[in-house]
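Start from chain A and add chain B according to the hints.
One-letter residues, chain by chain:
Protein chains: 2
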Amino acid sequence: MVPEKWALAVLLLQLCSAGCGFCGKVLVWPCDMSHWLNIKVILEELTEKGHEVTVLTFPHTKLIDYRKPSPLNFEVLPSEVQKESVDNVHDKFLDLILNVLPNLEPWQSTIKLNNFLIETTEILKIMCEGAVYNQTFMKKLQETNYDVMLIDPVLPCGELIAELLKVPFVLTLRISTGGMKEKHCGKLPAPPSYVPVQMVALTDQMTFLERVKNTMLSVFFDFWIRDYDIHFWDQFYSKALGRRTTLCETLGKAEIWLIRTYWDFEFPRPYLPNFEFVGGLHCKPPKPLPKEIEKFVQNSGEDGIVVFSLGSIVHYITEEKANLIASALAQIPQKVLWRHSGKKPATLGANTQLYDWIPQNDLLGHPKTKAFITHGGINGIYEAIYHGVPMVGIPMFADQYDNIAHMKAKGAAVEVNINTMTSADLLNALRTVINNPSYKKNVMRLSKIHHDQPVKPLDRAVFWIEFVMHHKGAKHLRPASHDLTWFQYHSLDVIGFLLACTVSAIFLIIKCCLFFCLKFGKPEKKNKRG
Amino acid sequence: MVPEKWALAVLLLQLCSAGCGFCGKVLVWPCDMSHWLNIKVILEELTEKGHEVTVLTFPHTKLIDYRKPSPLNFEVLPSEVQKESVDNVHDKFLDLILNVLPNLEPWQSTIKLNNFLIETTEILKIMCEGAVYNQTFMKKLQETNYDVMLIDPVLPCGELIAELLKVPFVLTLRISTGGMKEKHCGKLPAPPSYVPVQMVALTDQMTFLERVKNTMLSVFFDFWIRDYDIHFWDQFYSKALGRRTTLCETLGKAEIWLIRTYWDFEFPRPYLPNFEFVGGLHCKPPKPLPKEIEKFVQNSGEDGIVVFSLGSIVHYITEEKANLIASALAQIPQKVLWRHSGKKPATLGANTQLYDWIPQNDLLGHPKTKAFITHGGINGIYEAIYHGVPMVGIPMFADQYDNIAHMKAKGAAVEVNINTMTSADLLNALRTVINNPSYKKNVMRLSKIHHDQPVKPLDRAVFWIEFVMHHKGAKHLRPASHDLTWFQYHSLDVIGFLLACTVSAIFLIIKCCLFFCLKFGKPEKKNKRG
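Taken in order, these protein sequences are the chains called A and B. Quick note: the first sequence uses full-length UniProt numbering, first residue 1, plus one each step. Quick note: the second sequence uses full-length UniProt numbering, first residue 1, plus one each step.
Pulled out of the complex, with its shape left as it was, chain A reads as follows (with noise of 0.2 Å):
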């Protein structure tokens, strides 16, 4: 090696010792969408500090922009899935959630997205194959010799590839349907009396009513976790790792579980040492604003502005929606800044600007801001505890109506329904948020908690996958409940059996007493008949 490559290596290893103490390789299995947009502020964090990370994805996404530069290295997996396929499965799920769900329950609502998800179970089984039978890309992908994969378990596979590979894994999410997969494979405990199943939008003040409802549920969820796609996934999983298993046992050996929530917005609840709620990691002080939208911020004088955003995935709403929207904005006295792309409503106001996209975390952090109107996705809400932002939820599917009940009960929101909602619905809940003290001192209290805790939750996530990578795990976080099988787990052969013994106990002594009974009672009578 020439000198000068010498003193560029020694410096490259400087810098990244620099960074931390071992420098590691991470390998990420990612959901697309909002959850990349979670995950991205870890990996960046990682490839800071001097770690190497690559990202599986697949060819056709969304938000995971693999042709981009970037620090992040992306494996693209190879798949015969056309993007055909993947555009279909986008707009169905688009109708579904604009059409079919609002009109349903939460725990319908939750249901119906699961068996959507189960209809794309064929997709994912070609992509999942394309990847775990394709012996060049498993060979590289174990050659590079990974210390760490961190995996978004709402699409299966990432896990089994950990299995494969024999690289300990970590896991990040918000929720599962109805909490099952922390339920039954983290083995996260959730006594139905004061843990509101997941996904149902309850809160931990239930009335007895409520409780019988989060009771049922519970059963409900219980047992048709075991209906559900897991069957087929047991199959692949067992067929692919050459022995008999389940994908909750392989889920079930995740090292850490980082959590998207934090007490701020949980309701408090039992959990396990190798649980880390890490909620809001993505969120950040307010960089200045483009110069066109501070401008038009600066314009709203005292009454500052209103912040709208349905998210990355709902720029399509109804124009009657949009309109009936766009009139309840246009009675307001603040400014509004409203992410929308479809057609200009014709009842726009003056007051509202419409854009494709806003810098949301800035705009929450600014000081104009009054009130945040928000579909309820993880990360919005988020955003909007950490600047201390009121908000009015119009929830739509999969956890937004439960991050919308935790706030509303939290005193930090209302609630508005996408279906059935007015005019005057929209514009009494902006008005109640903005103008009744209360909201903006209950969001400030849930903001000072986010603020005052021991270790930013971006260090905590990175703290516990550089643990895993340093210590080749984190067993000693690992609960014993993992190696129970459910009976065992909840005790019934330990019941059974002392409730055989209690049996047996009282049958021997009733024998006994008849036994004396007969043996020196009769005698007795006999004597006396004598």
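These are computed hints drawn from the structure, not numbers from a lab. Since the model is a prediction, treat every value here as computed from it, not as a measurement. Among these hints, one or two may not hold up.
If several chains are the same, the list does not tell them apart, and a pair holds so long as it fits within one copy or across any two.
What the hints assert, rightly or not - Cut-off 30 Å, straight-line C-alpha distance, at most; resulting in silico cross-link-like pairs (DSSO-like, lysine-lysine):
| hint | residue 1 | residue 2 |
| --- | --- | --- |
| 1 | Lys213 | Lys511 |
| 2 | Lys519 | Lys166 |
| 3 | Lys253 | Lys448 |
| 4 | Lys291 | Lys475 |
| 5 | Lys112 | Lys368 |
| 6 | Lys408 | Lys253 |
| 7 | Lys440 | Lys472 |
| 8 | Lys68 | Lys183 |
| 9 | Lys25 | Lys62 |
| 10 | Lys139 | Lys40 |
| 11 | Lys475 | Lys410 |
| 12 | Lys441 | Lys475 |
| 13 | Lys25 | Lys441 |
| 14 | Lys40 | Lys368 |
| 15 | Lys291 | Lys410 |
| 16 | Lys472 | Lys239 |
| 17 | Lys139 | Lys410 |
| 18 | Lys519 | Lys291 |
| 19 | Lys343 | Lys291 |
| 20 | Lys408 | Lys475 |
| 21 | Lys472 | Lys448 |
| 22 | Lys440 | Lys410 |
| 23 | Lys448 | Lys166 |
| 24 | Lys472 | Lys183 |
Structure of chain B alone, referenced to chain A:
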């Protein structure tokens, strides 16, 4: 005020704000002996950060030396209890742990120890009454406006004082009898299938029969706790607070439970967000040894040294037992430093040196230390984990059996029974932990886990105490289970309701079937007959 005084005041203010953004007033309800050594470390850190710390103490203490100059303030409780009574209790306690407890099973010893505590209720009652019914004393405390109370709940009364003063409080404890205070008052879930009942020396890997034992002991403690001296204190607390309450309800108002263990020691188990595991917070890097001791240690050469201490209570072991121990120690090549204040044993080897007191943490941190013979107090165990020293455990009472069981299960200790041990047993145990490299390897693994935490235990403990001061509590971490009755908590009302519904439905269906059978079944028959 003269200028010099102003300058001094400003300087003091600056010094204070350098330590903490908010300098508060902390009131402390401690427990004497080894408990005091642990809490003292937190208190010293709090005073260093600029907080004003006042310790409530009884007049006759062993290790709480309130007469010495100290950065802590001491407030001596007005009490009519005589020194003789306290000494009498102390002697009875020593007799119990030296002569009675070693002959019992761990769980029996736990009960015996609690019965002893119940016997001391009368003294505790007088002490508590002396405080809470002394208006001058309570008024003085009230007027000081404390921001937080730090309470060791081994002895009752602290949480009652906190309630009377309306000050939020933080608990600091290792465990209570059978873990019942945490389970019943703190609502900490403890599934008996993999969470061993505390103080019974079981691990998280239980056989079927061990799970049966664990479940039975769990139920036993559940019911036993209700018959314990709890009833007395329930009445005492209700009278003092002027409303119907219980000791458990009062304890359950704790904002944070600081537990004196961590996952290097604990078996992974479910816990709650207001439980913080801060084990080993008292451990520090070793300081240089006193010259004479360092010389003795250096003379050990390649073989190194063994540190032997039975803690702050047990200086007094029988002559026979001391001789037995001494003759075992005489047979190892290591030098031994033995904390022993009784008569010099006749069989003492030339390699063994007796000391009234040893700098235990510094000795355990010495590179020549090969093993630690310990009674298994949590402070000593944590010093051994911190410095990575394998252990020989000779547990005698309270949590010591449990502590050694944890270290045994993690492969870092060998246990010796104080009652039945022979010289050969102790010798074998010592040779095993010194010569079998797995013990060193395992304790080093625990040590690495201990040192690789996002925040040091002491900093976490102080963080949460300060959090409670700043936010006037930590209600966002308090689970809603505190608001449920025991049958609501276990969903018994919901289960009953659902069972009743099911039975009613079945009954109705059967009735309907019978009705239709009778209505439409019989005429046919009649027709046929007709």
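Hints, verified against the model:
1. Lys213 <-> Lys511: Classified as between; 27 Å across copies, 46 Å inside a copy.
2. Lys519 <-> Lys166: Classified as neither; 70 Å inside a copy, 69 Å across copies.
3. Lys253 <-> Lys448: Only across copies: lysine 253 and lysine 448 sit 22 Å apart there, 35 Å inside one copy, limit 30 Å.
4. Lys291 <-> Lys475: The answer is neither: 51 Å in one copy and 42 Å across copies each exceed 30 Å.
5. Lys112 <-> Lys368: neither (40 Å within a copy, 66 Å between copies)
6. Lys408 <-> Lys253: Answer is between; shortest inter-copy Cα gap is 25 Å, intra-copy 35 Å.
7. Lys440 <-> Lys472: Cα proximity of lysine 440 and lysine 472: across copies only (19 Å, versus 45 Å in one copy).
8. Lys68 <-> Lys183: neither (38 Å within a copy, 54 Å between copies)
9. Lys25 <-> Lys62: within (26 Å within a copy, 55 Å between copies)
10. Lys139 <-> Lys40: within (26 Å within a copy, 57 Å between copies)
11. Lys475 <-> Lys410: Only across copies: lysine 475 and lysine 410 sit 12 Å apart there, 35 Å inside one copy, limit 30 Å.
12. Lys441 <-> Lys475: between (42 Å within a copy, 16 Å between copies)
13. Lys25 <-> Lys441: between (44 Å within a copy, 26 Å between copies)
14. Lys40 <-> Lys368: within (29 Å within a copy, 48 Å between copies)
15. Lys291 <-> Lys410: This pair counts as neither: shortest intra-copy Cα distance 35 Å, inter-copy 61 Å.
16. Lys472 <-> Lys239: within (26 Å within a copy, 56 Å between copies)
17. Lys139 <-> Lys410: neither (50 Å within a copy, 36 Å between copies)
18. Lys519 <-> Lys291: neither (104 Å within a copy, 83 Å between copies)
19. Lys343 <-> Lys291: Answer is within; shortest intra-copy Cα gap is 25 Å, inter-copy 85 Å.
20. Lys408 <-> Lys475: between (38 Å within a copy, 17 Å between copies)
21. Lys472 <-> Lys448: Intra 35 Å, inter 13 Å, cutoff 30 Å: inter-copy only.
22. Lys440 <-> Lys410: Only inside one copy: lysine 440 and lysine 410 sit 11 Å apart there, 50 Å across copies, limit 30 Å.
23. Lys448 <-> Lys166: between (41 Å within a copy, 23 Å between copies)
24. Lys472 <-> Lys183: within (25 Å within a copy, 33 Å between copies)
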